[in-house]
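Q: Take a look at the letters that make up each chain.
There are 2 protein chains.
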Amino acid sequence: MADSLIERTVFIVSDSTGITAETFSHAVLSQFEEVRFEAIRLPFIDSADKADAAAQRIEQKARDDALPPLVFSTLVDPEIAGRIRNASCIFMDLFGAFVQHLEETLGMKSSRSVGRTHTNGLSKQYNKRIEAINFSLAHDDGQFVQGLQQADVILVGVSRCGKTPTSLYLAMQYAVRAANYPLIPEDFDRGALPHTLLPYRRKLFGLSIQPERLAEVRNERRPGSVYASLHQCRQEVADAERLMRMEGIPWLSTTTRSIEEISTKIMDEVGLDRLTY
Amino acid sequence: MADSLIERTVFIVSDSTGITAETFSHAVLSQFEEVRFEAIRLPFIDSADKADAAAQRIEQKARDDALPPLVFSTLVDPEIAGRIRNASCIFMDLFGAFVQHLEETLGMKSSRSVGRTHTNGLSKQYNKRIEAINFSLAHDDGQFVQGLQQADVILVGVSRCGKTPTSLYLAMQYAVRAANYPLIPEDFDRGALPHTLLPYRRKLFGLSIQPERLAEVRNERRPGSVYASLHQCRQEVADAERLMRMEGIPWLSTTTRSIEEISTKIMDEVGLDRLTY
Numbered sequence: 001m002a003d004s005l006i007e008r009t010v011f012i013v014s015d016s017t018g019i020t021a022e023t024f025s026h027a028v029l030s031q032f033e034e035v036r037f038e039a040i041r042l043p044f045i046d047s048a049d050k051a052d053a054a055a056q057r058i059e060q061k062a063r064d065d066a067l068p069p070l071v072f073s074t075l076v077d078p079e080i081a082g083r084i085r086n087a088s089c090i091f092m093d094l095f096g097a098f099v100q101h102l103e104e105t106l107g108m109k110s111s112r113s114v115g116r117t118h119t120n121g122l123s124k125q126y127n128k129r130i131e132a133i134n135f136s137l138a139h140d141d142g143q144f145v146q147g148l149q150q151a152d153v154i155l156v157g158v159s160r161c162g163k164t165p166t167s168l169y170l171a172m173q174y175a176v177r178a179a180n181y182p183l184i185p186e187d188f189d190r191g192a193l194p195h196t197l198l199p200y201r202r203k204l205f206g207l208s209i210q211p212e213r214l215a216e217v218r219n220e221r222r223p224g225s226v227y228a229s230l231h232q233c234r235q236e237v238a239d240a241e242r243l244m245r246m247e248g249i250p251w252l253s254t255t256t257r258s259i260e261e262i263s264t265k266i267m268d269e270v271g272l273d274r275l276t277y
Numbered sequence: 001m002a003d004s005l006i007e008r009t010v011f012i013v014s015d016s017t018g019i020t021a022e023t024f025s026h027a028v029l030s031q032f033e034e035v036r037f038e039a040i041r042l043p044f045i046d047s048a049d050k051a052d053a054a055a056q057r058i059e060q061k062a063r064d065d066a067l068p069p070l071v072f073s074t075l076v077d078p079e080i081a082g083r084i085r086n087a088s089c090i091f092m093d094l095f096g097a098f099v100q101h102l103e104e105t106l107g108m109k110s111s112r113s114v115g116r117t118h119t120n121g122l123s124k125q126y127n128k129r130i131e132a133i134n135f136s137l138a139h140d141d142g143q144f145v146q147g148l149q150q151a152d153v154i155l156v157g158v159s160r161c162g163k164t165p166t167s168l169y170l171a172m173q174y175a176v177r178a179a180n181y182p183l184i185p186e187d188f189d190r191g192a193l194p195h196t197l198l199p200y201r202r203k204l205f206g207l208s209i210q211p212e213r214l215a216e217v218r219n220e221r222r223p224g225s226v227y228a229s230l231h232q233c234r235q236e237v238a239d240a241e242r243l244m245r246m247e248g249i250p251w252l253s254t255t256t257r258s259i260e261e262i263s264t265k266i267m268d269e270v271g272l273d274r275l276t277y
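Chains as they are written, first to last, in the numbering used here: chain A, 1 to 277; chain B, 1 to 277.
FYI, nobody ran anything at the bench for these hints, they're computed from the structure.
A couple of the hints might just be wrong.
Copies of one chain are not kept apart here, so a pair can be met inside one copy or by any two copies together.
[Unchecked claim] Derived PhoX-like pairs: lysine-lysine, alpha-carbon spacing no greater than 25 Å straight-line:
(1) LYS265 <-> LYS61
(2) LYS265 <-> LYS50
(3) LYS265 <-> LYS128
(4) LYS124 <-> LYS61
(5) LYS265 <-> LYS109
(6) LYS203 <-> LYS128
(7) LYS61 <-> LYS50
It should be emphasised that the depicted structure is a prediction, and the values quoted were computed from it without experimental measurement.
Isolated chain A, as found in the complex (with noise of 0.2 Å):
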């Protein structure tokens, strides 16, 4: 991206943090891959002052850039979200036409109160969050083995492929208790399990990972130990993926993909794919 020709200026725009707009504007442009995307964050817009502010800062862009800049806004206020669609801007209203079909369909009116959508400071489920976050940080790597017994899941892999990232990925965004143990060449070399995990065997999902790219994460660790040797990562990977496969585990490779990928695949497979809200 960097040699590209063409940049253009986003403006994510929010009542509330600007999350849902930042991450659709991101899939989205992403989708034009020979433009360079600068986005700014203008969180928090819920009144008329903030709002001209906002668009004030648009229409200096847009003379400096000589452009208009792209705008990304979950406003929900009509009044709001009018002062910035007056900017010279390419105003993209993400709720608006959605908003007006799911009134037509569900034959009710919407809230439209502003910063509705992300004031769950104190919900249940955003305590179930926060809670989970808890678990998966006492239980990462094996360190508190009590307890188990509650978790939703538990990853288990060779040191280094990828659990605790997935880990606190899974508590932070969908509030599932993730633990993650490792397996380690003791494990490989009495050929089972830690005794540990026996009783949640059905709890089990694998990670793995390419030899070569776990060389690489241990060698930024440990320098050119034994550890991180491609010698050694070969045989422990070897080694744990027949464990898993011995055991019925399952299990898929980190190597090429991110930790959304990963813990959607882990969601799939182990069941929880619902979400009320």
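Please build the complex by placing chain B on the supplied structure of chain A, with the hints as guidance.
A: The following block gives chain B in isolation, referenced to the frame of chain A:
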């Protein structure tokens, strides 16, 4: 929500993880407070066969509910999207309208490549996120003092005020290297910041919390302890806020804010409000 009368099924359909569609649908649907939405994720729908199977699940649900489900789709391929659209459902094409608008504005065609939006498994930005998560974990709760000069931000505050989940969220969502460091009664007795933090003053951001809420949180960890007593919590919070004011550290209260809201405010305050796609 438990006793609400209206229920409606929602399908999240994507050729990738569905996280964009899920975030978006959650934000839009939370504006209809009288309805309880049950969301079913159908990720990785990237072939005609999978689309047909998904369409069948939607058809079945339409019969079971005797109502067409809502479908939020981020399917990029029009052929695959068409197979879902033809099922009995209220089809919301999240990308369709905007992609066309953007194609006209930018004067170019989108790539419309399936799954493109999330196949960032090996990108630079993705690696930065994973490194930031590792950094935040290693610098949680002041446990590792070396490397603080590489932090983008260092969160400070009393024990259990929300520093850890916020640090992890900043790392995971924004690739921000967020360390955190506790303020403890010894610091308040001395009336000064921990020595370790003095070189990094300008990176400090404070979190505080209502003493009543703090006592609740601490009681979950150590029920009935002095540490969890309302008296102790009141004292620590008052001392911490006094210290932060005295030292000119920007801070906010986490009591009624979600980690998304807290993180967005921090990014805003410390000037980390830009992203490049």
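Q: Treating 25 Å as the Cα threshold, decide for LYS265 and LYS50: within, between, both or neither.
A: The answer is between: 15 Å across copies meets 25 Å, while 41 Å in one copy does not.
Q: Please sort LYS61 with LYS50 into within, between, both or neither, judging by C-alpha distance up to 25 Å.
A: Classified as within; 17 Å inside a copy, 44 Å across copies.
Q: Is it within a copy, between copies, both, or neither that the alpha carbon of LYS265 lies no farther than 25 Å from that of LYS109?
A: This pair counts as neither: shortest intra-copy Cα distance 36 Å, inter-copy 31 Å.
Q: Pop the pair LYS265 and LYS61 into one bin, within, between, both or neither, using alpha-carbon distances up to 25 Å.
A: between (41 Å within a copy, 22 Å between copies)
Q: From the Cα coordinates, with 25 Å as the cut-off, is the pair LYS265 and LYS128 best called within, between, both, or neither?
A: So LYS265 and LYS128 pass the 25 Å test inside a copy (21 Å) and across (22 Å) alike.
Q: Given a CA cutoff of 25 Å, do LYS124 and LYS61 count as a within-copy pair, a between-copy pair, both, or neither?
A: neither (41 Å within a copy, 27 Å between copies)
Q: Go through the copies and call it for LYS203 and LYS128: within, between, both or neither, with a Cα cutoff of 25 Å.
A: within (19 Å within a copy, 30 Å between copies)
Checked against the numbered hints listed earlier, the structure breaks hints 4 and 5; every other hint is satisfied.
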